[in-house]
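Asks: Each chain, written out:
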Amino acid sequence: MADKTLLKGTEAMAEAALRAGCQVYFGYPITPQSELIEYMAKRMPEIGRTFLQAESEVAAVNMIYGAACTGTRVMTSTSSPGFSLMMEGVSYIAGAVLPAVFINVVRGGPGLGDIQPAQSDYFQGTKGGGHGDYRLIVLSPATIQEAVNMMFDAFDLADRYLNPVLIIADGLLGQMMEPVELPDFLMPDRMPNHDSWALRGKGTRKKHSVTSFDLDPLKLEEMNLANFEKYRKIQQKEVRYEEYLMDDAEVAFVAYGTMGRILKTTIRMAREAGIKAGMIRPITLWPFPEKPIQEAAKKVKMVMSVEMSMGQMVEDVRLAVSGKVPTPFYGRTGGVVPTPTEVFEALKREWEAIV
Amino acid sequence: MSLSGKKYHSTIISGFGGQGVMLIGQTLTYAAMTEKLHVTWIPSYGPEMRGGTANCTVVIDEEPIGSPVIDRPTDVIAMNIPSLLKFEKCILPGGTLLLNTSVIDREPTRTDIHVYRVNAGEIAGKIGNDKVANMVILGAFCGITGVLSLESVQHAMEKKLAGKKPELLEMNVRALQAGKIAIEGQ
Numbered sequence: 001m002a003d004k005t006l007l008k009g010t011e012a013m014a015e016a017a018l019r020a021g022c023q024v025y026f027g028y029p030i031t032p033q034s035e036l037i038e039y040m041a042k043r044m045p046e047i048g049r050t051f052l053q054a055e056s057e058v059a060a061v062n063m064i065y066g067a068a069c070t071g072t073r074v075m076t077s078t079s080s081p082g083f084s085l086m087m088e089g090v091s092y093i094a095g096a097v098l099p100a101v102f103i104n105v106v107r108g109g110p111g112l113g114d115i116q117p118a119q120s121d122y123f124q125g126t127k128g129g130g131h132g133d134y135r136l137i138v139l140s141p142a143t144i145q146e147a148v149n150m151m152f153d154a155f156d157l158a159d160r161y162l163n164p165v166l167i168i169a170d171g172l173l174g175q176m177m178e179p180v181e182l183p184d185f186l187m188p189d190r191m192p193n194h195d196s197w198a199l200r201g202k203g204t205r206k207k208h209s210v211t212s213f214d215l216d217p218l219k220l221e222e223m224n225l226a227n228f229e230k231y232r233k234i235q236q237k238e239v240r241y242e243e244y245l246m247d248d249a250e251v252a253f254v255a256y257g258t259m260g261r262i263l264k265t266t267i268r269m270a271r272e273a274g275i276k277a278g279m280i281r282p283i284t285l286w287p288f289p290e291k292p293i294q295e296a297a298k299k300v301k302m303v304m305s306v307e308m309s310m311g312q313m314v315e316d317v318r319l320a321v322s323g324k325v326p327t328p329f330y331g332r333t334g335g336v337v338p339t340p341t342e343v344f345e346a347l348k349r350e351w352e353a354i355v
Numbered sequence: 001m002s003l004s005g006k007k008y009h010s011t012i013i014s015g016f017g018g019q020g021v022m023l024i025g026q027t028l029t030y031a032a033m034t035e036k037l038h039v040t041w042i043p044s045y046g047p048e049m050r051g052g053t054a055n056c057t058v059v060i061d062e063e064p065i066g067s068p069v070i071d072r073p074t075d076v077i078a079m080n081i082p083s084l085l086k087f088e089k090c091i092l093p094g095g096t097l098l099l100n101t102s103v104i105d106r107e108p109t110r111t112d113i114h115v116y117r118v119n120a121g122e123i124a125g126k127i128g129n130d131k132v133a134n135m136v137i138l139g140a141f142c143g144i145t146g147v148l149s150l151e152s153v154q155h156a157m158e159k160k161l162a163g164k165k166p167e168l169l170e171m172n173v174r175a176l177q178a179g180k181i182a183i184e185g186q
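Which chain is which? The protein sequence lines are L and P, in order. To convert, note that position 17 of the first sequence is 17 in this note's numbering; the numbers rise steadily by one, no gaps. To convert, note that position 48 of the second sequence is 48 in this note's numbering; the numbers rise steadily by one, no gaps.
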């Protein structure tokens, strides 16, 4: 086993992105992920990559749009209010069928909110956020090691499907430290080839065109349908989730990111108290792992969602369960992180109500 | 199913900004990593006043760590009175409370936990630098819990202080050892 390094979540994601081949970074600092952009500012010039701090998130996202048109591995990172500012550009990038990677280290909202960990941008990430018919591929890590590995996956998915990929982390994952194993730098021959469409100077080749629009509604519909054919493939092939102690479970928790990790301790507490709890932890928030949740609903007595929000993912959980078993929800909002004991108490209340 | 491995420790380290609580936690975390244990470190972060209270949580285990967020720690290191007031009540029964008595002039109320007292400021002063009080406390903590060897903590400190003056490292090593000696017999 390679030696481990002790890194903060934000710094680990930054270094992993560079190792995954990120050539260009545009961004604007915002807590609780300023260490990520700070790391990029220092590290990227050292290894011959391009870093630019834009004058705002709006400028940054449009720089990403431009760089993505050249097929270059490009990314940004921000936190909730900053990601809201980027929404227009994200919609354009999705419409123009371009690869780019976004990290939203979510903090309490709405509005300016606070700088503490939250998961209240689930709707924004998975249901649109920007205007128009489009989807982002949305990933969410529970540990720093998973976040590191996910950076490679994110760039690969963006390039394979020519679609923006969003990593939803939270302030806790961003600020914590944990030993991680960093994969080696990707060799240039592992980089995707976008010669068939990228805009890098015409020369003698035939004309390339990248656009997010067509004023003829029938042609725009055709573009959108082609995109949705791609989304259908992503839904078939790219669902990722973790099952934790589900074999004999009578209660299935559904939680993602930091909350999914905290729940592992709650589940152990529940099992010591005789409640057979398990968990399905979505790793892709879109495409959402609805099939394993549907399957679980046939076996368990209750499917309980826990989020650092007032309940957003729970709507997808309820769609999947489709009324077969009770689907209670527990959450805290505004940057409050539920503790293992607190969720255990909530579980006991819900469990006693049904048995 | 057991909650965790036998080396499991969840520790909250709390004190005034400037007392070096984050460094205690990070040194502990680094040392745990070199001993091939699983470990997480989370800081309290947010807008703080000068002189406000800061804390961090370190979880060490032989098993992969579930929650890095801890509401019932096995151990608390209190560097000042607000930390004692805030975290004494959370400690698991049978757990450990380590008090920095150079700042804390009152007694805890719990009787179901182990309490250790170290006058870290005075010991650090004798070593020649008040700032190493945090390493005195870290040495004491290692002595109490036995979760990590003083050698790996020393190694972690060398990493943290790489590039600084050698006298500084030497003073920190003496602080660690003095802390361990201070809790002997308690």
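Among the hints, erroneous ones may be present.
[Claimed, not checked] Cross-link-like lysine-lysine pairs, in silico, DSBU-like; alpha carbons within 30 Å at most:
#, chain 1, residue 1, chain 2, residue 2
1, L, LYS4, P, LYS86
2, P, LYS164, L, LYS42
3, P, LYS180, L, LYS4
4, L, LYS8, P, LYS165
5, P, LYS89, L, LYS348
6, P, LYS7, L, LYS348
7, L, LYS233, L, LYS276
8, L, LYS8, P, LYS126
9, L, LYS348, P, LYS86
10, P, LYS6, L, LYS4
11, P, LYS160, L, LYS8
12, P, LYS159, L, LYS4
If you're looking for bench data, these hints aren't it; they were derived computationally from the structure.
Asks: Decide, hint by hint, whether the structure agrees.
Replies: Hint by hint, here is what the structure shows:
{"no.": "1", "hint": "L:LYS4 to P:LYS86", "result": "violated (34 Å)"}
{"no.": "2", "hint": "P:LYS164 to L:LYS42", "result": "holds (21 Å)"}
{"no.": "3", "hint": "P:LYS180 to L:LYS4", "result": "holds (28 Å)"}
{"no.": "4", "hint": "L:LYS8 to P:LYS165", "result": "holds (26 Å)"}
{"no.": "5", "hint": "P:LYS89 to L:LYS348", "result": "holds (23 Å)"}
{"no.": "6", "hint": "P:LYS7 to L:LYS348", "result": "holds (29 Å)"}
{"no.": "7", "hint": "L:LYS233 to L:LYS276", "result": "violated (35 Å)"}
{"no.": "8", "hint": "L:LYS8 to P:LYS126", "result": "violated (35 Å)"}
{"no.": "9", "hint": "L:LYS348 to P:LYS86", "result": "holds (27 Å)"}
{"no.": "10", "hint": "P:LYS6 to L:LYS4", "result": "holds (22 Å)"}
{"no.": "11", "hint": "P:LYS160 to L:LYS8", "result": "holds (15 Å)"}
{"no.": "12", "hint": "P:LYS159 to L:LYS4", "result": "holds (14 Å)"}
Hints 1, 7 and 8 from the list above are not met by this structure, while the remaining hints are.
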